[in-house]
Amino acid sequence: MHADVAAPDEVLLEPVIWSLFSVGGFITAFLLPVTLFLLFFAAPFHLWPFDPAAYGTFLAHWKEPLVRLFFFVLIGGSLFHGTHRLKFMLMDAGFKGPAAEALLDLILNGVAIFGSLGALYYALRGWLF
Amino acid sequence: MADSEVVFRVSRYRPESGGRPTFQEYRIPYRSDMVVLDGLNYIKDHLDPTLTFRWSCRMGICGSCGADVNGRPRLTCGTYIRDMRKGAVTVEPLSNFPILKDLVVDFDDFLDKLASVRPYIVRKDWGDLSKEYTQYPEDVDAYRQQSLCINCMLCYAACPVFGASPEFVGPAASALALRYIRDTRDDGAAERLARLNTKTGIWECTFVGECSVVCPKEVDPAAAIQTLKFLATTRHMRRLLMPGSASR
Chain A
1 MHADVAAPDE VLLEPVIWSL FSVGGFITAF LLPVTLFLLF FAAPFHLWPF
51 DPAAYGTFLA HWKEPLVRLF FFVLIGGSLF HGTHRLKFML MDAGFKGPAA
101 EALLDLILNG VAIFGSLGAL YYALRGWLF
Chain B
1 MADSEVVFRV SRYRPESGGR PTFQEYRIPY RSDMVVLDGL NYIKDHLDPT
51 LTFRWSCRMG ICGSCGADVN GRPRLTCGTY IRDMRKGAVT VEPLSNFPIL
101 KDLVVDFDDF LDKLASVRPY IVRKDWGDLS KEYTQYPEDV DAYRQQSLCI
151 NCMLCYAACP VFGASPEFVG PAASALALRY IRDTRDDGAA ERLARLNTKT
201 GIWECTFVGE CSVVCPKEVD PAAAIQTLKF LATTRHMRRL LMPGSASR
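As given, the protein sequences belong to chains A and B, one line each in that order. For the first sequence, the working numbering assigns the number 1 to the initial residue and increments by one for each residue that follows. For the second sequence, the working numbering assigns the number 1 to the initial residue and increments by one for each residue that follows.
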């Protein structure tokens, strides 16, 4: 296609999905490993002073909006990043073509959207309703 | 003086006879300072004048002599035989392109893609052409890395996405689009980002990164594409949330 030939139409959804993937990548790289380490390794294996991460203490902090926002962003961002990455891994492995990509979009974006909505529900439960 | 011999396995394809490419072996005198292009030229000059390949500058500037050497895209003028002498030196045409003859491939598709991103300075108003458009060292630094691209096509030969989806605009054209978007004299960012924000544009890239690994000029097209994704996304969001705002 030469410059004087009409370019293909711009896409609407890809930049939005990519921005969620990109933000999710930042979250997954920096926040998720630390959170998983503190909650699932440091506290149970007594690598960290236990009390600050004890269930009762955690539950008390859970009432704070910033803590709820943190976990909503952490879970939603990680889901969007992980599903987008998984989609392209599957495409690189040969799962290509319009029908296959539409199916991947439906399943993987669906998982990310419903997972994020689930995280949003728990973030708002007991606070707004 | 040659101190031994080296075996070249060179892919041959003769379009007039049809069929698939085959390999032909040549034994050539070896010196430790020889590059692969020297070997090909020795074959052409002394053994087989029918062997066809592109080359020009012999110093990694023209980008003409790219080929798959021992399975990896390289500039044959910058690849020393001594670095790959275990066994034969296998030379094939660049992957992912139609072969015209022997090691010569067809770049027409790339030239169309390159033209589509407008690889030149676009201005809304050229103003007074008798005056210089001042650029400071930091302005040049912003696009210096991408401006080093020599269109050698090694990045396209290494890109599995281009191999699977030939309509993908690809690494070099994207890097050159970023080169002009980052130029302070240019006003064509919106048109380039509109071209790249398409089904065949930057979103095809899955960030494998092989383009940057094989690039002989360290242009880092993979990073350029990620930067373009960010620029296209911010432009897209701005257009959605603030219609009518400046699109650069």
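I should point out that these hints are in silico values taken from the structure, not numbers from a laboratory. These figures come from a predicted structure and were not determined experimentally. Here a beta-carbon is modelled for each residue, glycine too, at the ideal position from N, C-alpha and C. Mixed in with the good hints, there may be bad ones.
To give an idea of the chain B side of the interface with chain A (calculated C-beta under 8 Å), a few residues [as the list claims (entries may be wrong)]:
{"hint": "1", "residue": "Asn197"}
{"hint": "2", "residue": "Thr206"}
{"hint": "3", "residue": "His236"}
Cβ pair distances, simulated, as ranges [as the list claims (entries may be wrong)]:
{"hint": "4", "chain 1": "B", "residue 1": "Gly78", "chain 2": "A", "residue 2": "Leu69", "range": "48 to 56 Å"}
{"hint": "5", "chain 1": "B", "residue 1": "Gly71", "chain 2": "A", "residue 2": "Pro33", "range": "35 to 43 Å"}
{"hint": "6", "chain 1": "A", "residue 1": "Gly118", "chain 2": "B", "residue 2": "Ala115", "range": "46 to 54 Å"}
Which stretches of chain B does chain A cover? Using the computed rule of at least three CB atoms under 8 Å from a CB of chain A, they are [what the hints assert, rightly or not]:
{"hint": "7", "region": "90-101"}
{"hint": "8", "region": "141-148"}
> Regarding the hint that B:Thr206 lies at the interface with chain A, is the smallest CB-CB distance below 8 Å?
Replying inline: 4 Å, holds
>> Three residues or more, CB to CB closer than 8 Å: is that satisfied between the region 90-101 of chain B and chain A?
In response: With 0 residues in contact (Cβ-Cβ under 8 Å with chain A), the coverage given for the region 90-101 of chain B is violated.
> How about the region 141-148 of chain B: do at least three of its residues have a C-beta closer than 8 Å to a C-beta of chain A?
Replying inline: Check failed, 0 qualifying residues.
> Taking 8 Å as the limit, does the beta-carbon of B:His236 come near enough to a beta-carbon in chain A?
Replying inline: 4 Å, holds
>> 48 to 56 Å was suggested as the range; check whether the CB atoms of B:Gly78 and A:Leu69 agree with it.
In response: 53 Å, holds
>> Between the beta carbons of B:Gly71 and A:Pro33, is the distance compatible with 35 to 43 Å?
In response: Given a distance of about 36 Å, which is inside 35 to 43 Å, the answer is holds.
>> Given B:Asn197 as an interface hint, is its Cβ closer than 8 Å to any Cβ of chain A?
In response: Nearest chain A Cβ about 5 Å off; hint holds.
> Is it true that the C-beta distance of A:Gly118 to B:Ala115 lies inside 46 to 54 Å, as the hint says?
Replying inline: With Cβ atoms ~48 Å apart, the hint holds.
Hints 7 and 8, counting from the list given before, are not met by this structure.
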